[in-house]
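Enquirer: The primary structure of each chain is shown beneath.
There are 6 protein chains.
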Amino acid sequence: MTTTTYRMDQMTWPEFAARTDRPVILPIGSTEQHSQHLPMGVDARIAEHISEDLAAALDGTVMPTLCYGYKSKPLSGGGPLFPGTIDLNGVTVINLVHDVLSEIIADGFTKIVVMNGHFENEPFVIEAIDLVTRETGGKATIVESNWWDPLTPDVVEKVFEGLDFPGWALEHAAITETSLMLHYEPQLVHMDRMVYKQKVEPKAYVRYPVRKGDVPDYGGLADATGSSAERGRLIAEGCVSEMVKICAEEFGTER
Amino acid sequence: MTTTTYRMDQMTWPEFAARTDRPVILPIGSTEQHSQHLPMGVDARIAEHISEDLAAALDGTVMPTLCYGYKSKPLSGGGPLFPGTIDLNGVTVINLVHDVLSEIIADGFTKIVVMNGHFENEPFVIEAIDLVTRETGGKATIVESNWWDPLTPDVVEKVFEGLDFPGWALEHAAITETSLMLHYEPQLVHMDRMVYKQKVEPKAYVRYPVRKGDVPDYGGLADATGSSAERGRLIAEGCVSEMVKICAEEFGTER
Amino acid sequence: MTTTTYRMDQMTWPEFAARTDRPVILPIGSTEQHSQHLPMGVDARIAEHISEDLAAALDGTVMPTLCYGYKSKPLSGGGPLFPGTIDLNGVTVINLVHDVLSEIIADGFTKIVVMNGHFENEPFVIEAIDLVTRETGGKATIVESNWWDPLTPDVVEKVFEGLDFPGWALEHAAITETSLMLHYEPQLVHMDRMVYKQKVEPKAYVRYPVRKGDVPDYGGLADATGSSAERGRLIAEGCVSEMVKICAEEFGTER
Amino acid sequence: MTTTTYRMDQMTWPEFAARTDRPVILPIGSTEQHSQHLPMGVDARIAEHISEDLAAALDGTVMPTLCYGYKSKPLSGGGPLFPGTIDLNGVTVINLVHDVLSEIIADGFTKIVVMNGHFENEPFVIEAIDLVTRETGGKATIVESNWWDPLTPDVVEKVFEGLDFPGWALEHAAITETSLMLHYEPQLVHMDRMVYKQKVEPKAYVRYPVRKGDVPDYGGLADATGSSAERGRLIAEGCVSEMVKICAEEFGTER
Amino acid sequence: MTTTTYRMDQMTWPEFAARTDRPVILPIGSTEQHSQHLPMGVDARIAEHISEDLAAALDGTVMPTLCYGYKSKPLSGGGPLFPGTIDLNGVTVINLVHDVLSEIIADGFTKIVVMNGHFENEPFVIEAIDLVTRETGGKATIVESNWWDPLTPDVVEKVFEGLDFPGWALEHAAITETSLMLHYEPQLVHMDRMVYKQKVEPKAYVRYPVRKGDVPDYGGLADATGSSAERGRLIAEGCVSEMVKICAEEFGTER
Amino acid sequence: MTTTTYRMDQMTWPEFAARTDRPVILPIGSTEQHSQHLPMGVDARIAEHISEDLAAALDGTVMPTLCYGYKSKPLSGGGPLFPGTIDLNGVTVINLVHDVLSEIIADGFTKIVVMNGHFENEPFVIEAIDLVTRETGGKATIVESNWWDPLTPDVVEKVFEGLDFPGWALEHAAITETSLMLHYEPQLVHMDRMVYKQKVEPKAYVRYPVRKGDVPDYGGLADATGSSAERGRLIAEGCVSEMVKICAEEFGTER
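Protein chains in written order, with numbering that gives the first Met the number 0: chain A, 0 to 254; chain B, 0 to 254; chain C, 0 to 254; chain D, 0 to 254; chain E, 0 to 254; chain F, 0 to 254.
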């Protein structure tokens with residue numbers, strides 16, 4: 000049995016219907032510029048891969064990935080002025096996640112994970128979760144997280160061994176995402192095209208309109224030098240093993 | 000160079016930015032029960048595959064697929080009461096397609112195809128196209144179609160050679176979808192699990208609430224017996240070659 | 000007692016309140032160009048007349064007609080660029096039908112027919128019906144149809160005796176609508192102004208923006224020559240008699 | 000030439016297109032209980048009749064009537080708890096009027112009257128007018144009124160000669176509406192069923208939920224005794240002649 | 000204990016939680032031009048002061064004031080073309096009031112007063128109240144009023160003793176608001192800057208777009224000459240004493 | 000001249016209109032439980048006070064405070080299950096901020112600060128800013144910040160001298176908010192009622208439904224012991240002096 004077994008889009012409905020007591024995982028990413036060396040699908044691809052690993056660990060089911068997300072911001076994604084960044088409005092993200100969760104709850108699932116790969120999605124995803132929870136009287140337990148928050152300090156330390164950690168907000172197309180892509184889909188990473196000129200200084204405020212120059216013109220916020228598949232593996236495994244514990248606690252699941 | 004070259008999610012932003020004068024294709028499908036022998040991702044997978052073939056033919060770019068669609072109806076998809084059918088509200092589909100198209104037009108693309116794999120999506124996708132067209136003063140030409148309408152009568156005849164054509168509305172998990180999946184992803188088709196008891200009689204009206212029994216309990220609307228990869232190839236090639244002509248006429252594209 | 004007895008707008012509230020166990024019919028049409036020889040109210044007028052005939056046959060009640068509908072499309076109505084076509088947004092149609100149905104259900108009616116006279120309305124009307132059905136737990140049975148789908152093949156054959164049937168999509172301001180208007184309101188039909196130059200070729204796709212020339216400049220999609228009150232009568236009676244059977248089956252009504 | 004000439008729904012599109020420099024009038028009413036002696040279509044019927052008279056006076060065009068309106072309130076319509084009162088949500092009224100006005104302005108009309116027959120509609124209709132005006136840069140002049148506000152004091156005095164005027168808020172199914180219906184459609188008025196027990200005392204506040212007893216159980220707010228077709232004629236003519244002056248001032252129209 | 004005790008924003012949550020059986024009052028005003036002599040916060044300030052007086056009389060709780068309101072109209076506020084008038088869209092007002100009321104009802108409060116200080120707010124506030132009432136099955140009693148409607152005729156007579164009453168619609172920045180501000184916050188009233196040139200003639204219709212000149216360029220609709228703190232006190236006390244009676248009747252409250 | 004001079008609600012419209020070239024500041028807070036010793040208005044009161052100090056420093060204008068905000072979350076405010084926490088829906092916050100900003104830009108202001116006092120508001124406020132910026136073509140420069148992000152590391156160090164800094168997320172009703180309230184409105188702080196039992200452990204995920212126990216039953220997330228007016232003054236002055244620099248850079252303002 001391969002990992003694809005856990006994908007809802009590859010199951011027939013009776014196969015899916017037999018799994019309502021198992022966790023179901025909804026990956027959400029974005030389509031967003033990721034500097035010169037990473038493809039635009041990074042957030043969605045990573046969310047999907049982590050979800051599949053988590054499904055394998057939990058005997059869960061992965062729903063089809065939401066490949067578009069909330070607007071990329073200068074301080075955490077840098078995308079608004081780069082071609083290829085597709086920014087959904089907040090209301091659209093709320094409604095989309097709302098409808099998908101409503102339907103899966105109506106199908107009888109009560110153990111739901113939303114696995115987010117795009118920082119800016121979070122408040123709108125949580126708003127959707129809150130609305131669905133109110134409407135359904137809380138009959139499903141919904142856990143929302145991502146691949147960075149569950150990492151324990153010692154995993155973060157190992158991941159950045161020999162490197163500087165610039166803070167999560169700047170980890171866009173930098174060490175963690177590049178390493179995860181080297182781990183999962185190395186053929187899509189172009190280390191030879193990597194550009195790094197300066198670290199973006201995080202600001203204490205936002206200012207609109209966004210202007211050319213708010214983000215370096217190549218599209219990166221921090222240095223990706225030193226990324227490796229091994230570091231990517233550490234993140235993936237570190238995240239999944241913590242998420243398994245979280246699910247055990249919240250859902251009472253075990254393997 | 001492989002077909003994956005045409006996928007936006009696998010491009011860096013500069014690669015994408017260099018292609019604004021080429022067509023861009025947005026596949027939209029659904030996640031919906033497809034009887035006993037087909038997986039739930041059929042509509043999205045077919046829309047994506049056809050889009051990739053079309054992109055290869057046109058030197059176009061395929062955007063990430065919208066994997067969830069409008070509500071499955073008894074007479075054309077049969078899904079509302081089957082687990083795994085994820086029905087988005089009409090407003091959600093409109094907003095989602097609206098935002099994606101707005102962003103791609105803001106990026107400078109003017110030759111856009113929306114390739115639909117789920118019958119019920121169409122009016123809501125077109126509403127989104129109409130709204131975006133009004134807001135942007137019509138600066139992009141947007142073509143919306145699917146894999147069935149462009150087929151010429153002689154292709155349809157060849158596809159159904161030796162078989163009965165039950166009408167497009169009932170072609171859900173039947174000859175055409177099964178054949179397309181045998182052509183594109185045979186490992187996901189379970190011909191041994193195929194069930195067929197009776198042809199659903201299309202009704203001259205809709206009635207709500209939908210009730211168990213409106214659709215046979217296995218989930219099919221018509222017989223898939225006789226499906227083959229060869230018939231699938233005929234459909235795929237028949238659709239793509241017509242779409243190339245349509246794009247030539249509407250966009251002035253050629254290869 | 001005349002047919003007007005069945006009109007809700009002509010009843011006092013106690014008369015109406017006494018009829019909650021009878022079917023109630025909501026006609027919906029549009030205001031849309033209908034070529035040179037038919038007035039713009041055709042879709043609404045026909046929906047209303049058919050509804051009144053059906054009410055007479057069922058001892059039902061006809062609600063006031065929704066005279067504006069969803070956007071007229073080039074391939075099925077041809078209206079977007081002609082003065083006088085009033086196109087409601089999809090969300091507006093959904094909300095309007097939703098609110099009217101909600102209220103009539105709150106009044107205790109459980110046998111509801113929505114009679115549509117404008118092809119493009121259907122998906123948005125059905126979305127409204129679906130939403131209301133979910134909100135009210137399905138306590139009313141709602142049937143949605145129009146005057147063309149219920150016609151039996153032999154009625155269609157008789158209606159088009161000696162004529163070509165161009166397909167329903169092109170039946171805009173053509174044989175069926177002209178004949179129905181000659182049957183119901185001949186004083187509004189100007190046969191002497193009828194224009195026909197070419198049959199519109201139905202396309203396998205939609206393209207936006209709509210352009211002058213997508214529809215012949217007089218506004219017709221197919222030929223109306225040969226229309227007659229008698230053909231109109233056949234359609235009206237053919238539709239009503241089928242609708243009576245449908246209501247009998249769905250509502251358990253009889254006369 | 001009869002008054003029906005002024006109805007948009009009875010015109011062909013070329014007839015309508017020839018009138019873009021003339022005023023266009025949109026009647027809006029409601030479907031609402033009107034006590035024991037008046038039918039539920041009163042607000043819509045009166046708005047439509049006044050609009051037709053005004054169109055005749057101005058050589059204007061009457062659009063199809065919006066027959067459903069905003070929620071009936073205890074102090075001005077008394078409808079929420081009576082069967083047959085169909086209450087649209089505020090957002091629905093705003094969107095509906097917005098879309099209709101947007102389309103008529105897009106058709107080139109710049110002299111627009113909204114003629115309201117249902118007190119509660121007004122703020123939501125005006126919100127729609129404000130939104131459309133902002134969106135279109137104010138290129139159309141839109142006048143909104145009703146059949147009561149334009150009446151001069153001496154007309155009001157004549158209308159109520161020998162009677163008490165209870166204030167406009169209570170004029171629901173009372174002297175003015177009954178008289179107007181006797182003037183325009185006497186066959187729909189049942190003077191023999193008229194009930195009057197007590198005058199409703201207008202309150203200085205609203206209280207929700209509305210309760211049985213907030214309005215007398217027969218549905219009236221004030222006494223209709225003394226209503227006559229002649230009083231109705233005075234109102235209709237008094238309103239139309241003032242509206243003609245208003246249009247002359249705002250549109251520069253004359254006859 | 001001072002009047003500030005009644006302010007929710009000055010209470011801790013346990014203090015507030017102990018008062019669920021007492022009335023809770025939500026003041027709503029606007030930010031709107033008030034001619035030359037009054038500040039823009041008048042509507043909000045007066046609503047808040049009256050609410051505090053009412054809370055003191057009822058042992059109720061005053062929620063934080065909604066300081067922005069629905070669009071100022073020429074005939075009742077004169078604001079749309081004056082800097083500083085902040086006009087919320089109708090939908091925004093409905094949603095804002097809806098959410099605040101929903102939350103307070105979820106907290107267990109069942110005796111709610113909405114105290115309005117801005118004429119134009121009323122229909123949108125009431126729409127919100129209606130929606131919340133439907134959603135919560137009417138478990139809270141919600142009274143909506145303002146500071147002018149509850150005044151008895153003899154109070155109005157005393158307030159305008161020696162002056163002309165121009166009608167409530169024109170009472171914008173005129174006798175009543177100026178007097179109330181002289182009563183509550185005299186330091187914010189600049190009697191020396193008062194301008195009065197002509198009484199605005201109320202029109203029998205509205206016309207859009209609003210034009211410079213629809214309202215006198217200084218911003219007033221009627222004369223404020225003769226305003227006094229004493230007249231303000233009469234209004235405040237007259238309103239509060241009536242509101243106490245209304246609450247006694249609707250809530251069964253007493254002191 | 001007192002600080003009240005900078006409040007828009009205390010200005011007449013001509014005073015306000017004379018200041019369009021100066022910065023305008025919109026404070027937004029919330030109404031939310033703040034443990035046992037702080038009142039529920041803390042977020043709004045602090046946002047307002049900081050805004051007034053900033054206005055004084057910049058010769059700016061403070062708009063009326065938005066006193067209700069987005070939903071309080073367990074990990075950053077702890078409010079959803081405590082009486083008195085008033086949670087607006089995301090869409091409501093977006094629309095409210097959108098409308099207020101639209102209007103102030105329409106009035107000619109181009110230097111706008113949104114000063115936020117409630118952590119959870121931020122993404123929804125920024126969504127509103129983004130929408131307004133798109134609609135107005137970016138003609139105003141809008142800076143959004145709060146009172147914590149602009150603090151320099153050495154100010155934070157001084158503020159927490161002798162204390163542990165638990166991280167900003169837990170700084171709810173703890174050292175910083177308590178100190179700011181002791182600085183601005185000591186009469187509203189009840190140090191004697193302060194409760195602290197355990198530090199809440201920030202979680203790496205969110206889980207819905209929120210449950211009693213997710214937050215300690217008294218309502219605090221971290222210890223407030225050691226709070227002082229002096230620490231509050233350091234925060235206020237530290238924030239304002241940085242904001243002055245930010246405004247100088249973004250607006251070109253100086254004093």
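Simulated from the structure, these hints should not be mistaken for lab results. No residue lacks a Cβ here, since even glycine has one placed at the ideal position from N, Cα and C. A couple of the hints might just be wrong.
Claimed, not checked - SDA-like mimics (lysine to any residue), calculated; alpha carbons at most 20 angstroms apart, straight line:
{"no.": "1", "chain 1": "F", "residue 1": "K211", "chain 2": "A", "residue 2": "W147"}
{"no.": "2", "chain 1": "B", "residue 1": "K202", "chain 2": "C", "residue 2": "L187"}
{"no.": "3", "chain 1": "D", "residue 1": "K138", "chain 2": "E", "residue 2": "F159"}
{"no.": "4", "chain 1": "D", "residue 1": "K244", "chain 2": "E", "residue 2": "R206"}
{"no.": "5", "chain 1": "F", "residue 1": "K202", "chain 2": "A", "residue 2": "W147"}
{"no.": "6", "chain 1": "C", "residue 1": "K157", "chain 2": "B", "residue 2": "T140"}
{"no.": "7", "chain 1": "C", "residue 1": "K211", "chain 2": "B", "residue 2": "T140"}
{"no.": "8", "chain 1": "D", "residue 1": "K244", "chain 2": "E", "residue 2": "D163"}
{"no.": "9", "chain 1": "B", "residue 1": "K202", "chain 2": "C", "residue 2": "E249"}
{"no.": "10", "chain 1": "E", "residue 1": "K244", "chain 2": "D", "residue 2": "D213"}
{"no.": "11", "chain 1": "D", "residue 1": "K244", "chain 2": "D", "residue 2": "D148"}
Said to hold, decoys possible - Chain F residues, not near chain A, derived (Cβ > 12 angstroms throughout):
{"no.": "12", "residue": "L187"}
{"no.": "13", "residue": "Y207"}
{"no.": "14", "residue": "E241"}
Claimed, not checked - Between beta-carbon pairs, the in silico distance windows are:
{"no.": "15", "chain 1": "A", "residue 1": "E236", "chain 2": "D", "residue 2": "T135", "range": "54 to 64 angstroms"}
{"no.": "16", "chain 1": "E", "residue 1": "D153", "chain 2": "D", "residue 2": "T151", "range": "24 to 34 angstroms"}
{"no.": "17", "chain 1": "B", "residue 1": "T135", "chain 2": "A", "residue 2": "A16", "range": "16 to 26 angstroms"}
{"no.": "18", "chain 1": "A", "residue 1": "A16", "chain 2": "D", "residue 2": "V194", "range": "57 to 67 angstroms"}
{"no.": "19", "chain 1": "D", "residue 1": "E134", "chain 2": "B", "residue 2": "G107", "range": "54 to 64 angstroms"}
{"no.": "20", "chain 1": "D", "residue 1": "E134", "chain 2": "F", "residue 2": "E200", "range": "42 to 52 angstroms"}
{"no.": "21", "chain 1": "C", "residue 1": "E200", "chain 2": "B", "residue 2": "S227", "range": "52 to 62 angstroms"}
{"no.": "22", "chain 1": "A", "residue 1": "P185", "chain 2": "F", "residue 2": "E200", "range": "53 to 63 angstroms"}
{"no.": "23", "chain 1": "D", "residue 1": "G166", "chain 2": "F", "residue 2": "P185", "range": "52 to 62 angstroms"}
{"no.": "24", "chain 1": "F", "residue 1": "A105", "chain 2": "D", "residue 2": "A16", "range": "42 to 52 angstroms"}
{"no.": "25", "chain 1": "C", "residue 1": "D58", "chain 2": "D", "residue 2": "E160", "range": "54 to 64 angstroms"}
{"no.": "26", "chain 1": "B", "residue 1": "T4", "chain 2": "D", "residue 2": "E134", "range": "51 to 61 angstroms"}
{"no.": "27", "chain 1": "F", "residue 1": "G251", "chain 2": "A", "residue 2": "P201", "range": "51 to 61 angstroms"}
Enquirer: Which hint numbers doesn't this structure obey?
Expert: 1, 2, 3, 6, 8, 13, 14, 17, 19, 21, 22, 24, 25, 26, 27
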